[in-house]
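There are 6 protein chains.
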Amino acid sequence: MKSESREKLAKVSCATLTTALFKRGLRNVFIQNVQPLSQREENMVGPAFTLRYIPAREDLNPITVFQNPEHPQRAAIEKCPEGHVMVIDSRQDPRAASAGDILVRRLMKRGGAGIVTDGGFRDSPTIAGLDIPAYQQRPSSPTNLTLHQAMDFDIPIGCGGVPVFPGDIVVGDGEGVVVIPADIADEIADEAHEMTAFEDFVTEKVMEGRSIIGLYPPTQKETLADFAEWRKKNGR
Amino acid sequence: MKSESREKLAKVSCATLTTALFKRGLRNVFIQNVQPLSQREENMVGPAFTLRYIPAREDLNPITVFQNPEHPQRAAIEKCPEGHVMVIDSRQDPRAASAGDILVRRLMKRGGAGIVTDGGFRDSPTIAGLDIPAYQQRPSSPTNLTLHQAMDFDIPIGCGGVPVFPGDIVVGDGEGVVVIPADIADEIADEAHEMTAFEDFVTEKVMEGRSIIGLYPPTQKETLADFAEWRKKNGR
Amino acid sequence: MKSESREKLAKVSCATLTTALFKRGLRNVFIQNVQPLSQREENMVGPAFTLRYIPAREDLNPITVFQNPEHPQRAAIEKCPEGHVMVIDSRQDPRAASAGDILVRRLMKRGGAGIVTDGGFRDSPTIAGLDIPAYQQRPSSPTNLTLHQAMDFDIPIGCGGVPVFPGDIVVGDGEGVVVIPADIADEIADEAHEMTAFEDFVTEKVMEGRSIIGLYPPTQKETLADFAEWRKKNGR
Amino acid sequence: MKSESREKLAKVSCATLTTALFKRGLRNVFIQNVQPLSQREENMVGPAFTLRYIPAREDLNPITVFQNPEHPQRAAIEKCPEGHVMVIDSRQDPRAASAGDILVRRLMKRGGAGIVTDGGFRDSPTIAGLDIPAYQQRPSSPTNLTLHQAMDFDIPIGCGGVPVFPGDIVVGDGEGVVVIPADIADEIADEAHEMTAFEDFVTEKVMEGRSIIGLYPPTQKETLADFAEWRKKNGR
Amino acid sequence: MKSESREKLAKVSCATLTTALFKRGLRNVFIQNVQPLSQREENMVGPAFTLRYIPAREDLNPITVFQNPEHPQRAAIEKCPEGHVMVIDSRQDPRAASAGDILVRRLMKRGGAGIVTDGGFRDSPTIAGLDIPAYQQRPSSPTNLTLHQAMDFDIPIGCGGVPVFPGDIVVGDGEGVVVIPADIADEIADEAHEMTAFEDFVTEKVMEGRSIIGLYPPTQKETLADFAEWRKKNGR
Amino acid sequence: MKSESREKLAKVSCATLTTALFKRGLRNVFIQNVQPLSQREENMVGPAFTLRYIPAREDLNPITVFQNPEHPQRAAIEKCPEGHVMVIDSRQDPRAASAGDILVRRLMKRGGAGIVTDGGFRDSPTIAGLDIPAYQQRPSSPTNLTLHQAMDFDIPIGCGGVPVFPGDIVVGDGEGVVVIPADIADEIADEAHEMTAFEDFVTEKVMEGRSIIGLYPPTQKETLADFAEWRKKNGR
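Residue numbers (our numbering), protein chains in the order written: chain A, 1 to 236; chain B, 1001 to 1236; chain C, 2001 to 2236; chain D, 3001 to 3236; chain E, 4001 to 4236; chain F, 5001 to 5236.
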C-alpha cells in the first residue's frame, strides 16, 4: 500500500469503502457485530496481523501456560509488526476475553495500529482510554484460558464472518471495521477518496434543501456540473 | 391525533405508554432491540410512514439501481410526509445498512420527525449528530444493496417484532420506540399524561423515604389524598 | 465477608477476579451479556439478594396484581437487606422490563448496593442517573407483567448463565459483574488485591517499554526483584 | 381433572388445544422448540411435576454428588407421583443433558406419564424406544453436572418459554407439548373434544372438494346443518 | 417455464441447482432452515404464490377474523393457482403456526404443488402424511393469530432469508427448497439436467475407486472422453 | 490407541464417554448441535483428520477453483488416512455445504471411518444412505464456495464449540459425537467399557423395579455385591 493510500483511508468512512468494494463484487467485507471502544478523530488503518483461537481444552489451559514465552497470544503481541492491526478470530464468542489492557498496552507501545476481536476484551474501560483503536463485540472479563486457546498467528482467519488474510488492509472508523484485499487497497483508497469528495458535495446540497433525486446518484447533468464547480471552489 | 396529544406524547416515557397499552390488551408494542443513536430532550412523535425491504437478489441490485428515481428507498424518503416517522422493516437484519446519513439528512430537511430501523444505519456517528431522532439495532456500514432490496412503502410492516400500520403513532424516548394504534392515540396520550403526573408524585415520595407498598399502586387511601394535594401544589 | 474484603473488592477489576476464581476451578462466574448503565468510580460490592421470574401467564398477570402488597417483585424490593445487591433471574429475556426507576429508587433509598438483571430495565436513562449501580442486557420499556411473573426471592437462581446463591458476593465494575461464592470471598479479595498491585507494576513497566515476555507472568527473576522494589517505593 | 377429561385430552391435537386456550386469552401455552423422541398412538396426558435446574457451579457438582440420596434430580424421579408428567426447566440449554435413559426408565417403572425438558436427554436413541413419551430440544450426551445443577422440584417453573405450575395439565402429541392451567382443564378438554369432531367433519368435506370459505369457520348456514347430520351419522 | 423444464427440475437435486445459480452470481437461493415434512420420490416444482404475515396485533386478531371470507390466509389458499407452490413469509418465526392440516388439504385438493413456510405448521404429523410436499422450520401448534397476521399475497417476500417473487420457480427435494428466478428457469433446468448426468457418471466412477482429482471437475482429458462414452452407453 | 480400545469404543455410548471425561476435568468434549444422518449399529470410531474453512471471499472462490488439484477441500479428502474421521470446522455455519455426496463417497471408498461437520452437507438424503457415518447440524444445498473457503487441514480446529486436535479419537453414536484426547483414549475406552457393564446391570435392575437410590451410583453395599454376581452370571 502506498503511503498516500494510508492517508486517504484514514479519512474516508467504512460506509464509503464498502460501496467501493461492493462495486467489485466484494459483499462480505464489514466485520459484523464489532464496535469501537471509543470514538477517535482519525480512522484506524494498517495491514492485518492475525491471531487464531480455538475452543480451550481444560487440561491444556491452566494459568501456567502463560509462563511459556512462546504462548501464541503473548508471542503474537510481541511479533505484530509496527503499523499493523492485530485481528483476532475468537469465533464470535465473547464469553471470555480475547485480550486485556496489559497486552493491548504492549501492542500500543510496539507501534501497533489497532486491535480487533470478534469476541471481547477484558479491562475494556481501561482499553477505551488508551491511545490505540480497539474494536470488540462486547466487554468480557474472564481470562481467555476459560474458553479460548491461542493456536497460531499470521494465517488466514475469519473475524466477524469476514475472511481476513495477513496483509489485508484493515480500516476502522466510528462505526466498525472493513477489510480490504491487499492487492486492491490502493485503488480502493483512490476511489473512496473521490467518492468522499462527492458525498461531501451532496451533503452540502442536501443541507441547502435539494432533493436526492438526480443528485445522489448524479443522474441530472447539472449535478455533475455543480460538483465540478464545487471541487474547484473547495480545492478538492 | 390531536395536537395536544402530540405535546403530551413528547413528554411521557415509553415505559408509561407500554403500561397504558398493556391495560388495553396490547402487549407487543415496543420495537425490540432498537436503541437511539443519541439522547434527546424531547421524545420523537409522529405518524408512521413505512418502508419494506426484502432480501436482495444479486442480479436486481447492482449499484446502478439508484439511478432509477422511483427506487423505493429513495422515493420513500422524498414522499414521507412532514412530521411523520419513517419506520423500516429490515427483517431485524443489521448486516447491511437500511440507510445512510445523506438520506437521513434529506428526511430531516423535508421535516421528517424521525427514523427507525430494526437493522442498522451506515454513517451512524454522523447521524447521531443530526437534528433528527434515529433508532437502530446496531451500526452497519455495507450499502443496503448487499442484503436488502427496498420493495414498497406505506404498507403494514413488522419492525422489531411489532406490527406497524401506516399512520400508527410512533413515540421514541431515550430507551426505545413504542407504536400506538392510530385510533387510540389520543386516549393513550391522555392516560399516559395522567399516569406521568402520578409517577412524578410517587418518585418524590420514594425519594422522601416512603415505601412503595400502598403507594405504587395507591392502595392506601392516604396515597390518593396526598396525590390530590400534590397536584394542587404543583399545578398538575 | 470481612469489611476489609469489601474495601479491597471495591478497587479490583472483574477481570482480575475472574482470574483468581479460574485458578480455583471456577470458570463460570461472569454474568454474561450484562453491562453497566453508567460508569462509576468504585465497584458495586455486596451479598446477593435474588429474585426469580418465570414466564408470565396472562390470566395471572393483570395490572391489578401490584395491589397485592405481597407481590414478589414489590416485596423483594422492600426486603432486600441494606448493602445487598439485588440479582434478578429474567431468563436472559429483555423483551419486557425486570424493574423500573421507581423500584430502583426505592431500593437505593433502602440502602441497596446495586441491582443486576439479565433482562432489561424500563426507564433506563433515569436509572442511569441514579446513585446506585445497575446492570442489564438492554433497555426494555414494557411492564414486567407482559412476559415476566415474579415468583419468589432469596433462593438460588441463574443470572446471565451464572449460578447465584443468596449471600454470594457480587462485584460489578465498568465492564460487568462477577459472582464470588460466599465462603471464598475473603481469600479472593486478598488475592485479587495482591494481583492488582502486580498488574499496576506491570502496567508501569509496559508503559516504559518493557516486553511482556518474562514480565507477565514474572518468569524472569529480575521481574520479581523489580516488583519488590516497586512495592516498597509505592507503599503497596 | 375428571377421568373423562384425560380420555378426551388423549385424543385431541395440541393445535386444537392451543386454539381453545387462545379463545380464553392464553397465548403462551405451547412449549417452544421441543419435539417428541418418537411418534405414539395416544397423547401424553398428566399433571405436571416440575424440576428446576440452575447453572452448575463446578465446586458443587463433582460426580460424587449423586451419592447423596437427596440429590434433587434423583429425588424428583423417585417422588414424581404416578400418572404425572415430569417437566424440567433446563433454561432452554441443551448443551448438557437433563436426564438419561436410566432415570427415564425408573420414571416409567414408577408410572410416570411422560417427561419433558427444554434442554436435551442423553441416551436419547434408547429413550426413544422406551414405553414413555419424552420431549426435548435436541439430544445431549454430557452429564447434567457439566452445566446444570438440580436445585428444587414441585415449584412453578418456565419450560420452553411457558409458565408451568405443579398440577397444570400437560398434553403432548406428535408435534409438541401444551400446558393447560389446572382449573380449566376439564372445560378445555370438553371444548377441544367438540372442536375435534367439527374438524374431522371439515376434513372430510375438504377431501370431498369443498372450499374452506363458509366451511371453516362455519359461516354458511348449511355448514352447521351438514355438521349436525354428520354427527348423527357418525355417532359423535 | 417449459413443461420439459418442470420434468427436468423434478429430477435434479437442490444442490445441483444451487451450483448452476452460483455460476450466474446468485448465491442466496436456498431457503435457510427449512426441511421437508416427509421424503418423497419426486421433487416439488412450481411457480411461487406468496403469502405475507406481519406480527399480529392482539385487537385485530381475535378468533372471529376467520369469519371474514377475505381473510388473507384463507383467501390465499383459495386463490393459489393450480400447480403453484405457496411460499409463506413468517419472518422465520416458528412460535405460532403458518397454517394447519385443513388448509394444506384444501390447497392439495385445489392442485397446489406444495407449501413452504419459514415458520412452522400445526398438525404437522398429519400434514406429513398428505400427498403434497410441505417444508417448514419446525412444528408449531399455536394458531397463527397468536403471533402472525396474514396481510397480503402475491407480492414479493422474503422466505428463509431468500427473496421470492411471485412466479419464481420453486423446487424442493429431500433436503430443502431452492428459488429460481422465473426468467432463467428453463436454462437452469437444462444446465442442472446436464450436470446431473455428469454427477451420476462421477458417482459411478468414484464407486469404482477413482480419485476425485481430475475427475470432479473433469480436468483430465480422459474424464471427458470416459463421460462421452458413459453417456452413449447409458443413453443420457 | 490400542485396537481393543477401538472395539470397546465402538460399543459404549457418547453419554458414558462424556462422564468418564468429566471425571478428568474435561467438560467440553461433545460436539454441540450435530446429529447423525442415519442410525447405525456400531459407533463411528477413529482418529481425527481435520479440515478448516474460513469465510469465502468472492473473488477467490469462483467455481473454477476446484480445477486446482491442491484445493484444500479436495486434497483433504484424498489425504485423509484410512480409518480416520474427517472433522470439519465450518464455523457452525450451515448456510452453505461443507461437502456433498461425491466427496463423502470418495472418503468412504478410501476407508474413511466417518465425517463430521458443524455446518451441513448437501445431498444429505443420499449421504444418509451411504455406508459411512456422517454428522451435521442441518442439510444445506449451496456449494461451499458460497460461504466457506477451504483453507488448510491437519491442524487443530474447533468443531461445534469443541477443540479437535489431529489424532484425537472421535466417537459418534446415535445421538452425537465425542472427542477424546489421544493420550487418554485407551484409559477412557477401558473405563467406559467398565461403566457400560455397570449401566447395563443397573438398567436390568431398574426394569425389575428397583429404586435408583443406592443403586445408581452404588452407595448401598448390596448393589456392588449384586453387580459382582451379575457380571459372573453374564460373563462381563
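Quick caveat, the hints were computed from the structure, so don't treat them as lab data. Where hints are given, some of them may not hold.
To be verified - No farther apart than 30 angstroms at their CA atoms in a straight line, the calculated lysine-lysine pairs in the DSS-like style are these: (1) E:4023 x D:3232; (2) E:4109 x D:3221; (3) A:109 x C:2079; (4) B:1109 x A:233; (5) B:1221 x C:2079; (6) A:11 x B:1109; (7) A:79 x C:2023; (8) C:2079 x A:233; (9) A:23 x E:4109.
To be verified - Coverage of chain C stretches by chain D, computed from C-beta distances (three or more under 8 angstroms per stretch; other residues unrestricted): (10) 2022-2033; (11) 2050-2058; (12) 2228-2234.
For each residue, glycine too, the CB sits at the ideal point set by N, CA and C.
So, going through the hints one by one against the coordinates:
1. E:4023 x D:3232: violated, 62 angstroms
2. E:4109 x D:3221: holds, 23 angstroms
3. A:109 x C:2079: Measuring from Cα to Cα gives roughly 51 angstroms; hence the hint is violated.
4. B:1109 x A:233: holds, 24 angstroms
5. B:1221 x C:2079: holds, 23 angstroms
6. A:11 x B:1109: Answer holds: residue 11 of chain A to residue 1109 of chain B is near 26 angstroms, not above 30 angstroms.
7. A:79 x C:2023: Cα-Cα ~28 angstroms, so holds.
8. C:2079 x A:233: violated, 70 angstroms
9. A:23 x E:4109: violated, 48 angstroms
10. 2022-2033: As far as the region 2022-2033 of chain C goes, the hint holds, because 5 residues have Cβ atoms under 8 angstroms from chain D.
11. 2050-2058: holds (count 5)
12. 2228-2234: n = 0 at 8 angstroms, threshold three: violated.
The structure shown violates the earlier hints numbered 1, 3, 8, 9, 12.
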